[in-house]
Amino acid sequence: MVYIKKLDVFGFKSFGSKNISLNFQKGLIAVTGPNGSGKSNILDAIIFALGENSPKALRVDKFQSLFHDSSSNDNSHKIVKVSVTFDNEDRGIPVDDNLVTITREMSGVNTGESQYYLNKKKVSRNNILELLEIVVASPNKLNIVQQGMITRISELNSDERRKIIEDIVGLSYFDEKKDQAYKQLEESDRRLEIALAKMDEVRNRIDELEGERNDQHRYLQIESEINRLKSIKLSGSLNNLTKNISEFNEEQKFKEIKSQEVSKKLEEVTTQTENLSQEKKQFLVQANSASSERIKNEKRLSTVAYEYERNRATIKEAEHYFDQLNQKEKTNEIEQKTFREKEIE
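Sequential numbering of the sequence shown, starting at 1111, is according to the working numbering.
Keep in mind the hints are simulated off the structure, nothing from the lab. Please note that the accuracy of each hint is not assured.
Mimicking BS3-like on lysine-lysine, the simulated pairs with C-alpha atoms at most 27 Å apart in a straight line are [stated by the list, open to error]:
hint, residue 1, residue 2
1, K1375, K1365
2, K1363, K1375
3, K1149, K1172
4, K1390, K1365
5, K1230, K1188
6, K1116, K1166
7, K1447, K1363
8, K1308, K1368
9, K1188, K1136
10, K1288, K1172
11, K1172, K1232
12, K1368, K1447
13, K1375, K1438
14, K1375, K1391
15, K1363, K1440
In this text, all values refer to a predicted model and were calculated from it rather than measured experimentally.
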């Protein structure tokens, strides 16, 4: 069974500015002494160390009154430190040590703000209270009976006495834990309902997103098919354009060959015309010098004139043919340009 084995007090009420240590034995302990000797301050120091936060329970009007009353009114450099050491050989307190020391320290700089330590390791007040609840040793339990408490207990009714007995045997601790568990269960149920509602919202949203994903997938498929058909169309148009260009190039080559042939023939006719013109001049000269040859020359001149006119007609035909070729070439260029514009559209 857990019991208090030692009490160390420094600067608390009447204990002064020296470290005071009190050792206790297992079993019933009696603290005796004359009035005003500080017996009650021992219990006050114990419940202070165990986390009591009510100045009234510590029999003072404010926490500053817990500091030892010295000649100086300045509490800024004062300190209150109380340590309670429990025998824990049976491991009633869930700490793996034979001795468990709980220390509370309060300085004058920040009066009312305390630091708690468990075996010299800093912890919170709630940690201390939870450990003490397990062994029914918290400062508000009746294992610490202050002055006047017996008289007040004798004046209680049956329900109030039953409540005190439950506190003594530790049932109230489990009742509190049960109430906390019920509250936590209710809170868990409430959170579960909220979570289920959110899950329904998430499911609905997932269904919406799934529909959007399917629509997007179908859109991408349709877009891919459109692009494929466009590629096929452009490929066919490109083949047709290539074919037309090849045909146009072949036609241009043919025109160039015909043009070269006509140019060659035109050169020949021009040469013949020049030669005939030269002969005509010679004939005229000869006609002036020889009348006998005049008739003969006139006939020949007529022949030459006929050939000349015939060659002129040939030249005109060649020029007309060239005009037709140029006109056809311009027409083909216009058609080719129109075809390309349609392909681009």
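Hints and how they fare:
{"no.": "1", "hint": "K1375 / K1365", "verdict": "15 Å, holds"}
{"no.": "2", "hint": "K1363 / K1375", "verdict": "18 Å, holds"}
{"no.": "3", "hint": "K1149 / K1172", "verdict": "20 Å, holds"}
{"no.": "4", "hint": "K1390 / K1365", "verdict": "36 Å, violated"}
{"no.": "5", "hint": "K1230 / K1188", "verdict": "21 Å, holds"}
{"no.": "6", "hint": "K1116 / K1166", "verdict": "25 Å, holds"}
{"no.": "7", "hint": "K1447 / K1363", "verdict": "19 Å, holds"}
{"no.": "8", "hint": "K1308 / K1368", "verdict": "88 Å, violated"}
{"no.": "9", "hint": "K1188 / K1136", "verdict": "34 Å, violated"}
{"no.": "10", "hint": "K1288 / K1172", "verdict": "34 Å, violated"}
{"no.": "11", "hint": "K1172 / K1232", "verdict": "25 Å, holds"}
{"no.": "12", "hint": "K1368 / K1447", "verdict": "24 Å, holds"}
{"no.": "13", "hint": "K1375 / K1438", "verdict": "21 Å, holds"}
{"no.": "14", "hint": "K1375 / K1391", "verdict": "24 Å, holds"}
{"no.": "15", "hint": "K1363 / K1440", "verdict": "15 Å, holds"}
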